[in-house]
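> Protein chains in written order, with this note's numbering: chain A, 1 to 422; chain B, 1 to 422.
Since the hints were made in silico from the structure, they are not lab data. Be a bit skeptical, because a hint or two may be false.
As the list makes no split between identical chains, a pair holds if one copy fits it or if it spans any two.
To be verified - Simulated pairs of lysine-lysine, DSSO-like, Cα-Cα distance not exceeding 30 Å:
| id | residue 1 | residue 2 |
| --- | --- | --- |
| 1 | LYS197 | LYS9 |
| 2 | LYS157 | LYS419 |
| 3 | LYS315 | LYS236 |
| 4 | LYS185 | LYS204 |
| 5 | LYS331 | LYS419 |
| 6 | LYS114 | LYS150 |
| 7 | LYS331 | LYS418 |
| 8 | LYS181 | LYS13 |
| 9 | LYS210 | LYS83 |
| 10 | LYS42 | LYS114 |
| 11 | LYS315 | LYS9 |
| 12 | LYS9 | LYS83 |
| 13 | LYS13 | LYS83 |
| 14 | LYS35 | LYS386 |
| 15 | LYS288 | LYS150 |
| 16 | LYS418 | LYS83 |
| 17 | LYS185 | LYS418 |
| 18 | LYS218 | LYS16 |
| 19 | LYS288 | LYS315 |
| 20 | LYS386 | LYS42 |
| 21 | LYS197 | LYS251 |
| 22 | LYS185 | LYS13 |
| 23 | LYS210 | LYS197 |
| 24 | LYS418 | LYS157 |
| 25 | LYS83 | LYS419 |
| 26 | LYS9 | LYS185 |
| 27 | LYS150 | LYS16 |
None of these values were measured; they are calculated from a predicted model.
There are 2 protein chains.
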Amino acid sequence: MITQEFLRKLVVKNEKKIVLLVFDGLGGLPNASGKTELEVAKHPNLDRLVQNGICGFTDPIAPGITPGSGPAHVSLFGYDPLKYEIGRGLLDTLGIDFEFTNQDMAARGNFATKDDKGIITDRRAGRIPTETCNHLCNDVLKDITIDGIKTFVMPVKEHRFSVIFRGANLCDRISDTDPQKEGLKPLPPQNIADDPKGLETGSKQEANAKLCTFNNAKSTISIVSKFIEEANKRLKNEHPANTILLRGFSKMIDIPNFNDVYQLNSAAIAIYPMYRGLARLVGMNVLKTGTTIESEFETLKENFGKFDFFFMHIKETDSAGEDGDFERKVKAIEETDKYVSKLIDLKPDVVVVTGDHSTPALWHGHSWHPVPTLLYSQYCRRDSIKEFGETNCLSGAFGRQPAQNIMALAMANAGKLKKYGA
Amino acid sequence: MITQEFLRKLVVKNEKKIVLLVFDGLGGLPNASGKTELEVAKHPNLDRLVQNGICGFTDPIAPGITPGSGPAHVSLFGYDPLKYEIGRGLLDTLGIDFEFTNQDMAARGNFATKDDKGIITDRRAGRIPTETCNHLCNDVLKDITIDGIKTFVMPVKEHRFSVIFRGANLCDRISDTDPQKEGLKPLPPQNIADDPKGLETGSKQEANAKLCTFNNAKSTISIVSKFIEEANKRLKNEHPANTILLRGFSKMIDIPNFNDVYQLNSAAIAIYPMYRGLARLVGMNVLKTGTTIESEFETLKENFGKFDFFFMHIKETDSAGEDGDFERKVKAIEETDKYVSKLIDLKPDVVVVTGDHSTPALWHGHSWHPVPTLLYSQYCRRDSIKEFGETNCLSGAFGRQPAQNIMALAMANAGKLKKYGA
Numbered sequence: 001m002i003t004q005e006f007l008r009k010l011v012v013k014n015e016k017k018i019v020l021l022v023f024d025g026l027g028g029l030p031n032a033s034g035k036t037e038l039e040v041a042k043h044p045n046l047d048r049l050v051q052n053g054i055c056g057f058t059d060p061i062a063p064g065i066t067p068g069s070g071p072a073h074v075s076l077f078g079y080d081p082l083k084y085e086i087g088r089g090l091l092d093t094l095g096i097d098f099e100f101t102n103q104d105m106a107a108r109g110n111f112a113t114k115d116d117k118g119i120i121t122d123r124r125a126g127r128i129p130t131e132t133c134n135h136l137c138n139d140v141l142k143d144i145t146i147d148g149i150k151t152f153v154m155p156v157k158e159h160r161f162s163v164i165f166r167g168a169n170l171c172d173r174i175s176d177t178d179p180q181k182e183g184l185k186p187l188p189p190q191n192i193a194d195d196p197k198g199l200e201t202g203s204k205q206e207a208n209a210k211l212c213t214f215n216n217a218k219s220t221i222s223i224v225s226k227f228i229e230e231a232n233k234r235l236k237n238e239h240p241a242n243t244i245l246l247r248g249f250s251k252m253i254d255i256p257n258f259n260d261v262y263q264l265n266s267a268a269i270a271i272y273p274m275y276r277g278l279a280r281l282v283g284m285n286v287l288k289t290g291t292t293i294e295s296e297f298e299t300l301k302e303n304f305g306k307f308d309f310f311f312m313h314i315k316e317t318d319s320a321g322e323d324g325d326f327e328r329k330v331k332a333i334e335e336t337d338k339y340v341s342k343l344i345d346l347k348p349d350v351v352v353v354t355g356d357h358s359t360p361a362l363w364h365g366h367s368w369h370p371v372p373t374l375l376y377s378q379y380c381r382r383d384s385i386k387e388f389g390e391t392n393c394l395s396g397a398f399g400r401q402p403a404q405n406i407m408a409l410a411m412a413n414a415g416k417l418k419k420y421g422a
Numbered sequence: 001m002i003t004q005e006f007l008r009k010l011v012v013k014n015e016k017k018i019v020l021l022v023f024d025g026l027g028g029l030p031n032a033s034g035k036t037e038l039e040v041a042k043h044p045n046l047d048r049l050v051q052n053g054i055c056g057f058t059d060p061i062a063p064g065i066t067p068g069s070g071p072a073h074v075s076l077f078g079y080d081p082l083k084y085e086i087g088r089g090l091l092d093t094l095g096i097d098f099e100f101t102n103q104d105m106a107a108r109g110n111f112a113t114k115d116d117k118g119i120i121t122d123r124r125a126g127r128i129p130t131e132t133c134n135h136l137c138n139d140v141l142k143d144i145t146i147d148g149i150k151t152f153v154m155p156v157k158e159h160r161f162s163v164i165f166r167g168a169n170l171c172d173r174i175s176d177t178d179p180q181k182e183g184l185k186p187l188p189p190q191n192i193a194d195d196p197k198g199l200e201t202g203s204k205q206e207a208n209a210k211l212c213t214f215n216n217a218k219s220t221i222s223i224v225s226k227f228i229e230e231a232n233k234r235l236k237n238e239h240p241a242n243t244i245l246l247r248g249f250s251k252m253i254d255i256p257n258f259n260d261v262y263q264l265n266s267a268a269i270a271i272y273p274m275y276r277g278l279a280r281l282v283g284m285n286v287l288k289t290g291t292t293i294e295s296e297f298e299t300l301k302e303n304f305g306k307f308d309f310f311f312m313h314i315k316e317t318d319s320a321g322e323d324g325d326f327e328r329k330v331k332a333i334e335e336t337d338k339y340v341s342k343l344i345d346l347k348p349d350v351v352v353v354t355g356d357h358s359t360p361a362l363w364h365g366h367s368w369h370p371v372p373t374l375l376y377s378q379y380c381r382r383d384s385i386k387e388f389g390e391t392n393c394l395s396g397a398f399g400r401q402p403a404q405n406i407m408a409l410a411m412a413n414a415g416k417l418k419k420y421g422a
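Whenever a hint applies, use it, and build me the whole structure from the sequences.
This is the structure we're talking about:
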């Protein structure tokens, strides 16, 4: 596999425009009719792209591996998803439009219920309403500072929140406090950094770095423990949300800037905060948009002159797949297709339509199946496929490739990659 | 490529059952009719799986590489065949149901004939009958102990035997004594461990480890040399087997346990000892079975409730291919197919049918050709292939993949892999 480090040496700038249209969870499984969601849906506009493009499949991570949204998008953007791992805390915080800094460490939080012996009786505090969550975060748990480390408790939805610790020398190599089961006490956070004592190999420099990480994890545990203590004190009289559970401690990752790697002026259009967050994480410009698919395509039209790369994200296909709702997924594809004609009218030079992963309604969740993918450009050496669908993709000229290849292929088709070697 | 280390973090246990049915040397080449062995054979039951499954090809090691049985099975079981190299001595010893321990070092032996100048005149001692081999091993060469190292001389077949050295600090970094040609004297075993004197890089710990390996190889050579001397003394009056040649010195390899990696309770069903040995090497439970294909499927039926993974091995396809017997290979496929209906009756959740490599009758041996493979599960997103065969596999939805991916795909289809990342 070509690395991004290799690719960036070949990049040249030009005026050509690329659109990456991602239907979340696009790939499906056939229902009784023998056809998948994409095959049942009518999508004349996607088919116009297909007839002038090439079709095939992408593997988001590798055959057999079911990805979460984080690694799946990292891969779509051309990064190695195993190298750039996004922790749960970071991912959830990306999902609330929080402006994360390099000094921040985030954790995913649950409001929970404990009994008077400290045993967790409900890990989700009866799924309290979002309004209660907002009140607990914004009023009860506001302005907690521990040993100079500022914290931000941000509501997400129902019992879910994010907590961000801001300050120097925080280390995320610490374990969850969420016991993952009811009937147990919350776990004390543990140091999961490598113990420098046991390690005698490596240079002195490496040994020092390990010692530093280990000690930072130790002091971070003390801060997290004091924060939990303070939260418990403030929540004492609340019901049913009288305690908190934390998991997925994670700091910002050191990921190369997308615009820098590809010499693009990129824009992201997504309704859901998590996808805006993922785009922001790699340095894309996140555009304001509405709450409908139509509004996303309007945003594309309004901004088409200002950028040369657009990442567009359609959520509804995945939500319908997760719910096992075959028909709703079909409808989401059909609705989006209506607006694809507006995209075509803008005359982009390269269009890639794909999913971040498959979410077959039959499977009720993300799956490992390769994702139907189409690439349109004037120079793609088109195949004879006429309609977008999994069965047709089997014989398309795009073949089957890691999703990580999409960016290289889109860039090549836009004339944005010079030749390698003389 | 996804590593097994990565995969094991995603594994979850459930009740679903997987059957991996391996036709040794399955892949073929077309005869005058233009069809391969698999394409000429009638296999209605395999075709039932095909019609509800996906077809394609696997590469056991890599395109162009012809594998031996050892690396081919290591790869089928999901291990990196270049990382876990099984020496000849170990492989042959696995093939005789010998209970190999971590203290053992094995070598493949040949009984040979030398003249009175010590020159090898026949590397196979005229392919002595197996009964003579049994007698020489069990009576003449029994109970040899050298400097506290116990040896076991185990008959294999005709002129072939295994010798196992048991004791501490043995090192297999020593060269063969077999000169591979007649008209030469046996070679003295040489130290092929890295000479620690020439090496100035690495830490002190690494240098010490290298010195230790080098010294252990030195003392092992002394033991092996004394063993050969004693064997020559005892064989002096035998004819034509009056000496021995040793090759492929190899110790047990440190390979992760299959049941541990995949959280499976696995069972192996194979008539030939080498395949039982390969299964035992990775920690599968080896089931007692008979000497016919029918008995293998009876064993499957009897044990179906007790395990959640079955590796079944059919040898006859390879033997026929090696003999260049196209018709016999066709018959072996057809005979096995009869019993595949019994397998289907057991309602396994996932079935993979493949070969460890190709053995085309036209080639008279193992070959590098990709291996026809089918995967059946309720969730495989089936393709439109109706019959199992190389030409059809070209357009199947399984595509062409490294054999090492099979385990990940089987596990995914059985719902035994959770998603990677959130």
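> Could you tell me which of the hints above the structure violates, numbers in ascending order?
Going through the list in order, the structure violates hints 3, 4, 10, 18 and 27 and respects the others.
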